[in-house]
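Colleague: Sequence:
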Amino acid sequence: MAFHANKRVHRIPEKDISNQVLMRMSNISANIITKLRTGQYLSPAKAAGLRTALHCTPNDMWEFTAKDD
Numbered sequence: 001m002a003f004h005a006n007k008r009v010h011r012i013p014e015k016d017i018s019n020q021v022l023m024r025m026s027n028i029s030a031n032i033i034t035k036l037r038t039g040q041y042l043s044p045a046k047a048a049g050l051r052t053a054l055h056c057t058p059n060d061m062w063e064f065t066a067k068d069d
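In the UniProt record's numbering, the protein residues as written are 1 to 69.
Honestly, the hints are just simulated from the structure, not real lab data.
It is possible that some hints are incorrect.
Said to hold, decoys possible - Listed next, the in silico SDA-like pairs over lysine to any residue satisfying Cα-Cα at most 25 angstroms (straight line):
| hint | residue 1 | residue 2 |
| --- | --- | --- |
| 1 | 35 | 56 |
| 2 | 46 | 64 |
| 3 | 46 | 20 |
| 4 | 35 | 49 |
| 5 | 35 | 46 |
| 6 | 35 | 62 |
| 7 | 35 | 21 |
| 8 | 35 | 64 |
| 9 | 35 | 61 |
| 10 | 35 | 53 |
| 11 | 46 | 23 |
| 12 | 35 | 47 |
| 13 | 35 | 17 |
| 14 | 35 | 59 |
| 15 | 46 | 59 |
| 16 | 35 | 52 |
| 17 | 46 | 22 |
| 18 | 46 | 24 |
| 19 | 46 | 29 |
| 20 | 35 | 57 |
| 21 | 35 | 54 |
| 22 | 35 | 51 |
| 23 | 46 | 17 |
| 24 | 35 | 20 |
| 25 | 46 | 27 |
| 26 | 46 | 21 |
| 27 | 35 | 22 |
| 28 | 46 | 25 |
| 29 | 46 | 36 |
| 30 | 46 | 61 |
| 31 | 46 | 34 |
| 32 | 46 | 63 |
| 33 | 46 | 16 |
| 34 | 35 | 65 |
| 35 | 46 | 31 |
As the list claims (entries may be wrong) - Have a look at the derived ranges for each label pair, beta carbon to beta carbon:
| hint | residue 1 | residue 2 | range |
| --- | --- | --- | --- |
| 36 | 57 | 27 | 17 to 23 angstroms |
| 37 | 65 | 41 | 16 to 22 angstroms |
| 38 | 66 | 19 | 31 to 37 angstroms |
All values derive from a computational prediction rather than experimental measurement.
Glycine included, every Cβ here is placed at the ideal spot set by N, Cα and C.
From just these sequences and the hints, can you work out the full model?
Modeller: This is the structure we're talking about:
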């Protein structure tokens, strides 16, 4: 059994923060916010910036599930 991240599930932890503030804090563009909200591919570098700005872990942003081989 292996584990995989469902890359279509991007979740922002419940924070009282506007998109503009999040973009400034994590050095991302509005395009990245849209990708995050629609579940599109998000590069590891951009995800790291978001996690740092939100003080969260990958488990907070992605759903990890067991996958049978």
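Colleague: Could you check the structure against the hints above and give me the numbers of any it violates, in ascending order?
Modeller: none
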